[in-house]
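All chains, full assembly: derive it from the sequences and hints.
Protein sequence lines, in the order shown, are assigned to chains B and C.
Under the UniProt record's numbering, the residue at position 83 of the first sequence is numbered 83, and the numbers go up by one with no gaps.
Under the UniProt record's numbering, the residue at position 9 of the second sequence is numbered 9, and the numbers go up by one with no gaps.
Since the hints were made in silico from the structure, they are not lab data.
Any given hint could turn out to be false.
Since the list gives no way to pick one copy over another, a pair counts as held whenever it fits inside one copy or between any two copies.
[As the list claims (entries may be wrong)] DSBU-like, lysine-lysine: derived pairs with alpha carbons at most 30 angstroms apart: (1) LYS45 / LYS135; (2) LYS45 / LYS21; (3) LYS135 / LYS113; (4) LYS21 / LYS113; (5) LYS113 / LYS61; (6) LYS21 / LYS61; (7) LYS61 / LYS45.
There are 2 protein chains.
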Amino acid sequence: MDGQRVFGFARPQREPSTEDKLIAAALQIFAEEGIAVTSLRSVAKFAGMSAGALQHHFPTKDALVEAVDNHVLQIIADNLEPAVQEADYTTVTAGEGIVQLMANHPIAMDYLKRVLLEGDVNSGVGQVIFNGLAKISEMQGRRFQDLGLMRDDIDFLWSFLNPIVLRVGAIVLRQHLERFLPGPFYDREQLDRWDASVTNLLQHGALVQHD
Amino acid sequence: MDGQRVFGFARPQREPSTEDKLIAAALQIFAEEGIAVTSLRSVAKFAGMSAGALQHHFPTKDALVEAVDNHVLQIIADNLEPAVQEADYTTVTAGEGIVQLMANHPIAMDYLKRVLLEGDVNSGVGQVIFNGLAKISEMQGRRFQDLGLMRDDIDFLWSFLNPIVLRVGAIVLRQHLERFLPGPFYDREQLDRWDASVTNLLQHGALVQHD
Numbered sequence: 001m002d003g004q005r006v007f008g009f010a011r012p013q014r015e016p017s018t019e020d021k022l023i024a025a026a027l028q029i030f031a032e033e034g035i036a037v038t039s040l041r042s043v044a045k046f047a048g049m050s051a052g053a054l055q056h057h058f059p060t061k062d063a064l065v066e067a068v069d070n071h072v073l074q075i076i077a078d079n080l081e082p083a084v085q086e087a088d089y090t091t092v093t094a095g096e097g098i099v100q101l102m103a104n105h106p107i108a109m110d111y112l113k114r115v116l117l118e119g120d121v122n123s124g125v126g127q128v129i130f131n132g133l134a135k136i137s138e139m140q141g142r143r144f145q146d147l148g149l150m151r152d153d154i155d156f157l158w159s160f161l162n163p164i165v166l167r168v169g170a171i172v173l174r175q176h177l178e179r180f181l182p183g184p185f186y187d188r189e190q191l192d193r194w195d196a197s198v199t200n201l202l203q204h205g206a207l208v209q210h211d
Numbered sequence: 001m002d003g004q005r006v007f008g009f010a011r012p013q014r015e016p017s018t019e020d021k022l023i024a025a026a027l028q029i030f031a032e033e034g035i036a037v038t039s040l041r042s043v044a045k046f047a048g049m050s051a052g053a054l055q056h057h058f059p060t061k062d063a064l065v066e067a068v069d070n071h072v073l074q075i076i077a078d079n080l081e082p083a084v085q086e087a088d089y090t091t092v093t094a095g096e097g098i099v100q101l102m103a104n105h106p107i108a109m110d111y112l113k114r115v116l117l118e119g120d121v122n123s124g125v126g127q128v129i130f131n132g133l134a135k136i137s138e139m140q141g142r143r144f145q146d147l148g149l150m151r152d153d154i155d156f157l158w159s160f161l162n163p164i165v166l167r168v169g170a171i172v173l174r175q176h177l178e179r180f181l182p183g184p185f186y187d188r189e190q191l192d193r194w195d196a197s198v199t200n201l202l203q204h205g206a207l208v209q210h211d
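Next comes the structure, spelled out in structure tokens:
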């Protein structure tokens with residue numbers, strides 16, 4: 001990919017600060033309760049400080065939401081960009097980046113659900129992330145086409161959108177799926193089992209072939 | 001299925017009433033704006049009546065939400081139950097019920113997104129609907145197994161959950177997917193194209209087979 005960054009985002013490294021801790025607290029309560037319904041006062045209470053002290057760092061809710069958005073965008077970029085840059089990017093590496101995100105950043109994934117589904121889905125970080133995932137999936141599909149691996153009877157547009165629906169849909173519907181799973185979805189055992197089933201489905205379908 | 005009803009719900013037929021019109025108005029504004037953030041006053045205004053007149057029919061927001069939930073549950077049951085009762089229920093008929101819902105009841109589908117994702121997802125109508133879909137998908141999977149059509153290397157649990165994620169995930173992520181589609185998702189042309197791609201994926205996978 002010539003070092004092209006899908007999410008077009010890089011933040012310089014620095015030591016954890018009070019702002020980082022506030023962002024982590026806000027991320028968690030936004031993910032659990034929803035962004036629109038959570039007040040700056042609730043975030044301050046959850047972080048164990050006064051609303052005034054919080055507003056010293058983030059004067060408005062918009063400023064705090066923007067900081068949380070950037071934090072989550074950074075986490076997603078850090079986990080998905082390396083795989084995109086690999087020359088031998090495959091169905092397996094595609095899933096691995098998502099599994100890493102779900103295993104290591106479960107709260108960020110619940111926040112992703114919020115930004116994908118709350119408010120105006122045609123602007124903001126939810127759109128940036130979904131479009132980035134679509135770009136990765138399309139690049140992968142084109143590589144499979146170039147290698148002659150893609151079935152001839154495939155609808156190319158949906159061939160790269162369906163894998164996103166399978167993976168992002170599972171993140172979004174996590175709590176419903178967990179009623180059917182023998183353990184928490186974001187435990188490594190469940191994630192590996194799910195990832196294997198998705199990869200198998202994308203590669204082979206579910207049914208016996210009659211050629 | 002011996003006439004067993006998956007959703008366990010049947011409402012007697014009657015003429016459209018003022019309450020039906022209020023339910024339709026509430027369904028639309030809840031679907032567009034979200035259930036938690038929409039007040040009884042907003043619904044009344046949208047329906048063109050006073051809050052007092054609305055409360056004559058639905059004294060509380062809970063009562064109105066319950067009526068809308070039952071209305072949507074009825075729509076979903078009416079569209080999915082007949083296919084479940086068919087002896088030759090296949091991958092194709094499974095998708096057809098969902099496509100009918102999306103084509104004919106787009107607002108109910110946006111409301112479904114709300115009940116699946118808002119508030120406590122482990123209670124209420126969202127859980128009833130998701131569990132009903134899982135039951136249909138599992139019944140279909142068992143039939144494929146009995147007919148010897150299911151691949152031997154399949155993880156049975158995910159073999160019936162992944163098709164739900166593909167279909168319900170598309171309903172939930174509609175507005176993101178529409179940025180990539182040449183027309184509105186719930187137009188028949190786009191729905192047929194999507195349904196064909198999902199059926200093809202479930203049957204054959206996306207990649208050329210090397211046996």
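Tested hints:
1. Neither within a single protomer nor between protomers do LYS45 and LYS135 lie at most 30 angstroms apart by alpha-carbon distance, with minima of 39 angstroms and 42 angstroms respectively.
2. With identical chains, the CA atoms of LYS45 and LYS21 are at most 30 angstroms apart within one copy only, with a shortest distance of 13 angstroms there and 43 angstroms across copies.
3. Within a single copy, LYS135 and LYS113 get their C-alpha atoms as close as 19 angstroms, and across copies as close as 25 angstroms, so both meet the 30 angstroms cut-off.
4. For a Cα distance limit of 30 angstroms, the shortest separation of LYS21 from LYS113 inside one copy, 21 angstroms, qualifies, whereas the shortest one across copies, 32 angstroms, does not.
5. Taking the closest pair of Cα atoms, LYS113 and LYS61 come within 30 angstroms of each other both inside a single copy (19 angstroms) and across two copies (26 angstroms).
6. Taking the shortest Cα distances, LYS21 and LYS61 sit within 30 angstroms of each other inside one copy (16 angstroms), while across copies they are farther apart (38 angstroms).
7. Proximity of LYS61 to LYS45 under the C-alpha cut-off of 30 angstroms is found in both arrangements, the shortest distances being 14 angstroms within a copy and 29 angstroms between copies.
Checked against the numbered hints given earlier, the structure breaks only hint 1 and satisfies all the rest.
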